[in-house]
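> If you want the building blocks of each chain, they are given just below.
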Amino acid sequence: MWSTFIVTLKMNLRNKSSLFWLIVFPIALATMFNGVFGGLDKAMSITPVPVAVVQDTNWTNAVGADTLITALAGDGRTDKATGGDNADTTIGDIDIDIRLLDVTKVDSAAQARDLLTRGKTDGVIAADGDGRIALTLGSDTVATANNGTQDVGLDVSLAALDNVIDQYNRTSATVKTALKDNPTAALTRTFWNGIGSAMNGTKEISLTNFKPDVMARYYYALMGMACLLAMSYMIHTVTTAQANLSALGIRRTVAPLGRARQLLAGFLAGWLCSCACLLVALAYIRYVCGIAVGGREPLAVLAVVVASFMTCSFGTMIGAIPKLTDGVKQSISTAIACGLSLFSGLYGGFAMELSDLISRKVPLLAAINPTQQVTNLFYSLMYYDSTQPFIRTCAILLAMSAVFLMAGVIMLRRQRYEHL
Amino acid sequence: MTDITDTPAVHVSQLVKRYGDMVALDYFDLDVNQGEIFGLLGPNGSGKTTAINCILALLTYDAGTIRVFDQPMTPTSYALKRRIGIVPQNVAVFNELTVTENIDYFCSLYVPKKADRAPLVEEAIDFAGLQEFRKFRPGKLSGGLLRRLNIACGIAHRPDLIFFDEPTVAVDPQSRNAILEGIQKLNRDGATVIYTSHYMEEVEQICDRILIMDHGRHLALGIADELKAMIDTGERITIETFDLTDDALAAVRALPFVIEATYDGHELAVRCRRGDHNLVDLIGVLRGAGANLGHLTSRPPSLNDVFLELTGKALRD
Numbered sequence: 001m002w003s004t005f006i007v008t009l010k011m012n013l014r015n016k017s018s019l020f021w022l023i024v025f026p027i028a029l030a031t032m033f034n035g036v037f038g039g040l041d042k043a044m045s046i047t048p049v050p051v052a053v054v055q056d057t058n059w060t061n062a063v064g065a066d067t068l069i070t071a072l073a074g075d076g077r078t079d080k081a082t083g084g085d086n087a088d089t090t091i092g093d094i095d096i097d098i099r100l101l102d103v104t105k106v107d108s109a110a111q112a113r114d115l116l117t118r119g120k121t122d123g124v125i126a127a128d129g130d131g132r133i134a135l136t137l138g139s140d141t142v143a144t145a146n147n148g149t150q151d152v153g154l155d156v157s158l159a160a161l162d163n164v165i166d167q168y169n170r171t172s173a174t175v176k177t178a179l180k181d182n183p184t185a186a187l188t189r190t191f192w193n194g195i196g197s198a199m200n201g202t203k204e205i206s207l208t209n210f211k212p213d214v215m216a217r218y219y220y221a222l223m224g225m226a227c228l229l230a231m232s233y234m235i236h237t238v239t240t241a242q243a244n245l246s247a248l249g250i251r252r253t254v255a256p257l258g259r260a261r262q263l264l265a266g267f268l269a270g271w272l273c274s275c276a277c278l279l280v281a282l283a284y285i286r287y288v289c290g291i292a293v294g295g296r297e298p299l300a301v302l303a304v305v306v307a308s309f310m311t312c313s314f315g316t317m318i319g320a321i322p323k324l325t326d327g328v329k330q331s332i333s334t335a336i337a338c339g340l341s342l343f344s345g346l347y348g349g350f351a352m353e354l355s356d357l358i359s360r361k362v363p364l365l366a367a368i369n370p371t372q373q374v375t376n377l378f379y380s381l382m383y384y385d386s387t388q389p390f391i392r393t394c395a396i397l398l399a400m401s402a403v404f405l406m407a408g409v410i411m412l413r414r415q416r417y418e419h420l
Numbered sequence: 001m002t003d004i005t006d007t008p009a010v011h012v013s014q015l016v017k018r019y020g021d022m023v024a025l026d027y028f029d030l031d032v033n034q035g036e037i038f039g040l041l042g043p044n045g046s047g048k049t050t051a052i053n054c055i056l057a058l059l060t061y062d063a064g065t066i067r068v069f070d071q072p073m074t075p076t077s078y079a080l081k082r083r084i085g086i087v088p089q090n091v092a093v094f095n096e097l098t099v100t101e102n103i104d105y106f107c108s109l110y111v112p113k114k115a116d117r118a119p120l121v122e123e124a125i126d127f128a129g130l131q132e133f134r135k136f137r138p139g140k141l142s143g144g145l146l147r148r149l150n151i152a153c154g155i156a157h158r159p160d161l162i163f164f165d166e167p168t169v170a171v172d173p174q175s176r177n178a179i180l181e182g183i184q185k186l187n188r189d190g191a192t193v194i195y196t197s198h199y200m201e202e203v204e205q206i207c208d209r210i211l212i213m214d215h216g217r218h219l220a221l222g223i224a225d226e227l228k229a230m231i232d233t234g235e236r237i238t239i240e241t242f243d244l245t246d247d248a249l250a251a252v253r254a255l256p257f258v259i260e261a262t263y264d265g266h267e268l269a270v271r272c273r274r275g276d277h278n279l280v281d282l283i284g285v286l287r288g289a290g291a292n293l294g295h296l297t298s299r300p301p302s303l304n305d306v307f308l309e310l311t312g313k314a315l316r317d
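In the order they appear, the protein sequences are chains A and B.
Just so you know, we're using the UniProt record's numbering here: the first sequence kicks off at 1 and counts up by one.
Just so you know, we're using the UniProt record's numbering here: the second sequence kicks off at 1 and counts up by one.
Okay, chain B solo, but in the shape it has when bound (with noise of 0.2 Å):
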């Protein structure tokens, strides 16, 4: 992570934003520093893509304050315009124009001059690992290659601020990591990032602060680590048998630590609160009650963890 200044990148403050009868921003606030991976998260409709619309003075808004490098944000701001970077959700480039004349294209409306741009344009290519599609045009690429595109054609004017929203949907495994890498890159080269997405690991592998939001409402902020210490889910434990009887099954529900337990007639799976023995006096409770148990896991709270236990709901719901 880079150093952190102390003007946020982005301020938004009480922000709100209705479609009709319909809230998608409620009183939202929002605050990046500067150098930072900022994590939105929320399920699909919660109000990211919404949020960062309003940010880019694309759509209007009913109340609220936005700032972005301590300055408003308006559609003719063309200095700030010149520091940000988008990579929107859906693929965004001329399919009649090949990989290094979208790029070199996109960067001309912020780099004008020929010479400034060509360098740029390469280590952009570079950075998407496209070098040998360069002459390729947008059909002809693969679904993670067009990703890497939309990718290259959003930083290559080496912006301060970058919008990446849900940047990794529809992308095979392998272009994803290789996409959270990139990202990582270019924040340890100084690039502000604001990283939208409803895949929590995503989130977590790559973002230093998390804002997990739902219903356009700020619901926690936090790193991942203090959002998961605010919840009272301790662990999930998943164990593999076949012989489960009902006595047993309520006897496990009884257990204090246990939220939640379900059975599926080969796996029982375990929701538990805090606690440092959890494993070892459920195992107790099952083998007391005969059961034969195989396979077992123990896994730490995750962020759709903390999702559900905010809203009652899963985050990919």
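With the rest of the complex left out, here is chain A (with noise of 0.2 Å):
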């Protein structure tokens, strides 16, 4: 039993086909993910807009705007960082803890405009006679802005800061009239608080055990696919050890080391090969594609090993079947594996939609795709605060594997044959 083991092993090492479809593929494609993805997360990210702020007679009379600006520009932080406490960082209850502005101060509108025609800056800030301050964009950065090709993260940025400056000319306007109707009220800590809280604005929080990835759904279902490709292992032990599918199944037939115990030898050396190569391909989606797993690395092993145990036991169940070359088995088993990589979300935002969509009206479905149940094994790594998920999609997955297994064993327990 331990010489075909070690001959399995052999086997399975050799066969360029599998180490091509279970290491170089998921690895290929990973790097593709991560070429086109890989920009999005930059795309969706705020990056500081250079501006030029005119500090003028308007802009000392317009009050608070200098605070603003320090705010969003991060000086504060920075001074808050070093022990400083000369400015703040909030504005409001609301922590900004984000560049927005990356400030040129300039003396005149003239030599901001200079600036923004020699494209040092993207923008001129600027305040009028009542208070009010503006942002002005540069036609260059308003058409890099709405290029979704070109210079990521501009336009929302962009957006960001039209927000908070609009917000920040309603709450000038909204205390002027108030001390306007009322002078006394500015006296009183109960108006500014009010004012503070009138303020509002987008606050980031983590609902998740890990920091949400989008793409990284698409990881995980390429280790989905991966996986199901590492039945070809399994399917080329079956198919070699019996005599009804091939001249090398009747000369180890005939032999005296029992089939079960060659099967068994077979199992263990497919099971560890395909574990072998989705950890290889684990380990570069973590490590080079930085693809989390909610920080959980053991327990992503451990996902690797029952995805791994799954796909034996189908590929056990699929090179059992009789009358079918091992030719015919291993493009049936690429077939399924493509097939169901569709409905776990491989394949782009429609797939994403669909294998949503099949979740949410026919869950029976979604538990029955082994494609979708190893996507969710890392899904619930990554996503919850529990490890419940985690163990019930491993208890779904060895329950498929306990049905291929039965499956593959009813037909591979005749000893003897009609034909061969």
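Don't take every hint at face value.
Stated by the list, open to error - Derived DEER-like restraints, expressed as beta-carbon distance ranges:
1) B:131 with A:6: 20 to 28 Å
2) A:279 with B:21: 48 to 56 Å
3) A:410 with B:172: 54 to 62 Å
Hints were generated in silico from the structure; no laboratory data involved.
For every residue, glycine included, the Cβ atom is placed at its ideal position computed from N, Cα and C.
Need the complex rebuilt from these two chains, each delivered in its own frame; the hints are there to steer you.
This is the structure we're talking about:
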């Protein structure tokens, strides 16, 4: 049995086709994902916009404008970090921990326009006689922001900036109106607290175990597909052990080593090889592509072990189908892996929506899709605080394995055949 | 030939195997003595491989008895299986393993201890003449070398009984001779060999006894000369002649010892009954008819003639 295990291991490791599909293919696809999706994070992030701030008389009269700009430029945070206390990094009750501006202070509008014309800045911030501040953008900046393929993140930063300045202007107008009607209000803390709380904004909080990563699901789905491709190991092992499936099977069947022991040795070797291949793919996705597994790497390894067991069981069942050649079975397994991957969302936004739709509307179909379940293994590690969903998914995969193995054993239990 | 003991290596009695309506083995009988090379001769589809697969407990069968070394053969008769080697009709080796690894693996199924099997593997490599190809994978071997590897994998564990199922199909003459000599050597070393083929020359060359079968039936059994003696055909005469007239051909066909005579414009072929003066009489008729004679051959009866006479068709049909 030991020699069968070693020989199967050698054969698996020398099988170039399997190595390609189990190692090269997922790495190549992950690299492609990384290239295509890698910029999306940056596109959704806020980057500082270089602006010229006109510090003329109007600016000096605009109460709080300087504080706002200082906060948006993140200068206060720097001071805070270094122990300084001369500036605040909050507006109302919202912490500003993101730099929105890269400020160049100028004395006149002409100087600001000059910087804008020379491309040194993307816009100009200035105050009018009423104390309202405005952001003026250069035409090139507007064009760039509207072009989705250029300068990732600029449009998001400008939208945020516009929102903040608008809030400042509205709050400023409200304060002026209130103080005009009731000049003594400024003396009360309640008034200023009320103004502060009137400021609203978007605050980032985490509801999940780990910071969500929209693209991670594609990589998890890729793991699901790679996992199913590992069926090829067991298909080859079973085919070459069965007298009714190959001449090699005849030779091995007439040997005095029981077939169950030969198949068990082959199964263990196949399991080990598929685990090793998938761990290589996982390591690449985790450490080269930077896709997290919720900080639960040991459980991710366990996920690979469980997923590999399932795929070896599946391969045993496909391999045991009588009257089909090894090549036909390998083709069937590839078709199954590619087909089921559609429903686990590997092939882009449409597939992802389809996968979500199936999970919502027909959860049973999602539950019996092995690629979906392998995807879910990693997904549950990433998003859930509890390990309960992960354990549940493991249980589903083990149940699937039991069904596949049972079907395989039923087909393999014959010791003599009607035909060879 | 080695000593033959009383207990048959293989005993098959009244074996019936049906594939649906088709009868593959029709009350087939077989007794192979220990120490002999036994030939199973029959055309493709005659039931040779089916008989072997039944004996090896690979196929179910509908009726009959099979005993190997006087014990019933079942899929779990591991002690018996340890004494058996098989060289299947199709090359059965792992393409991912080298020559040495293939032989070592198949030997390991019979001889688990590495130390015990290492000399056996070396012996098998030497036997098959694969010394220079130890590290080659099957994909790099020629057809003849592949067949030799196939044989080495089946005999490395030194079995007492070896089944060779058409081992020389698609093999060049040089490799074929090497294979046949190897089989004879195995037999000299004590192995009982069951050899199936549809090549009568091979069977005649190496087998001690021959069983001719067709349509799953046992047609005749004996040593080659006994089988040839069973038939009426004596010799086959071919004569090169370019001017044989129809009258001359008719005169040849009228000779009492002529079973069949054919002429294709340049060669006259005559199948004769047994007789002491067939050739002389035939030449006399042709000379009398004024035919000019060229190259002439006279060949004694072959196993193909035996098969032809028993079944009415040639062995290679």
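> Against this structure, judge whether each hint is valid.
To see whether the hints hold, each was checked on the structure:
no. : hint                         : result
1   : B:131 with A:6: 20 to 28 Å   : holds (24 Å)
2   : A:279 with B:21: 48 to 56 Å  : holds (54 Å)
3   : A:410 with B:172: 54 to 62 Å : violated (45 Å)
When held up to the earlier numbered hints, the structure conflicts with hint 3 and nothing else.
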